[in-house]
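Peer 1: Sequence:
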Amino acid sequence: MSSLDVESNVEYDEITNVLDRERSAIAELGDYIQTLTAGIEEMNTQAQALTDYALETANMAETGRRISDNVALNVASINEVNQNMEKAVSILVRHSKRIGEIVEVIGSIAEQTNLLALNAAIEAARSGEHGRGFAVVAENIRELADQSKRSTDQIAELIRNMQESIETVVNSIKQGFKVTEEIKDAVQELIAAFDDIARRANETANMIKELSDSIDSQAQSVQMLMDNINNVQSLQDEVSNNIIPIVESFTEMQSRLNEIRSGLEDIEQSITKSKELLEKVKVTRR
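For the working numbering, add 97 to where a residue sits in the sequence shown, where the first one is 1.
Check before you lean on any hint, since a few could be wrong.
What the hints assert, rightly or not - Cross-link-like lysine-lysine pairs, in silico, DSSO-like; alpha carbons within 30 angstroms at most:
#1 271 - 184
#2 194 - 246
#3 184 - 194
#4 194 - 281
#5 281 - 271
#6 184 - 281
#7 271 - 194
#8 306 - 184
Hints in this document: simulated from the structure, not taken from any laboratory. For clarity, every value in this text was computed on a predicted model and none was experimentally measured.
Sequences are here, hints too, so could you generate the full structure?
Peer 2: Structure below.
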């Protein structure tokens, strides 16, 4: 085999090896990009799930804030009712005090009437037979005074009980004011907390949206890269398909040239032999 044959075979092997290595590298790169694409799609799915969760959290926080607003309005209404009750009870306290004062006056009048009746009875007793009728009247007046005194005592007792009950109601109302104020403060804090949760959830949703957009952009870039790799692979296959026949044709041409060279060598040998025979013939003729 000539050096030209060896060189052609070496070049053919090198070309095919290079093409095989390029084809293998492109295939590995394609597999890696497909894996990367799958990972990006998974990240995008997770980002979308996080976005949905953040939006759901924001909606729940908004619902909680609306409920808290309604509670705050109800607490304000309760405070208004308590204020009206306190005003009404205050008026009732003033009236009960006034009634107590009037009862005290009536009691004092009854005591004085009883004393006057007693004095009248004494004077009637001194008057003898002439003062008997007056004594009867004085006794009736004394009995009425005693009855009035007992009634005023009962009324005074009722008023004292009522005042104690009113005082209990007032204390309860004041305690209710305190409790509703505490509830109001707690509701305001709850509203602020819900607002903060909603704000943070919206911020998180926006951040995740930006991340999702970035992932989509990367996915598009990876897809473009994959398309380019596919184009390169197609071109590589086309080059491989075109080069191999050329190399094979070149190899066949080298084989034909070798055959021609061998034929020329045979012809040269024949010519040499013919020359030798011709020389022998010339020598013989001499």
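Peer 1: Does each hint fit the structure? Answer for all of them.
Peer 2: Status of each hint after checking the structure:
no.	hint	in the structure
1	271 - 184	12 angstroms, holds
2	194 - 246	19 angstroms, holds
3	184 - 194	15 angstroms, holds
4	194 - 281	35 angstroms, violated
5	281 - 271	15 angstroms, holds
6	184 - 281	21 angstroms, holds
7	271 - 194	21 angstroms, holds
8	306 - 184	57 angstroms, violated
When each numbered hint is compared with the structure, violations occur for hints 4 and 8.
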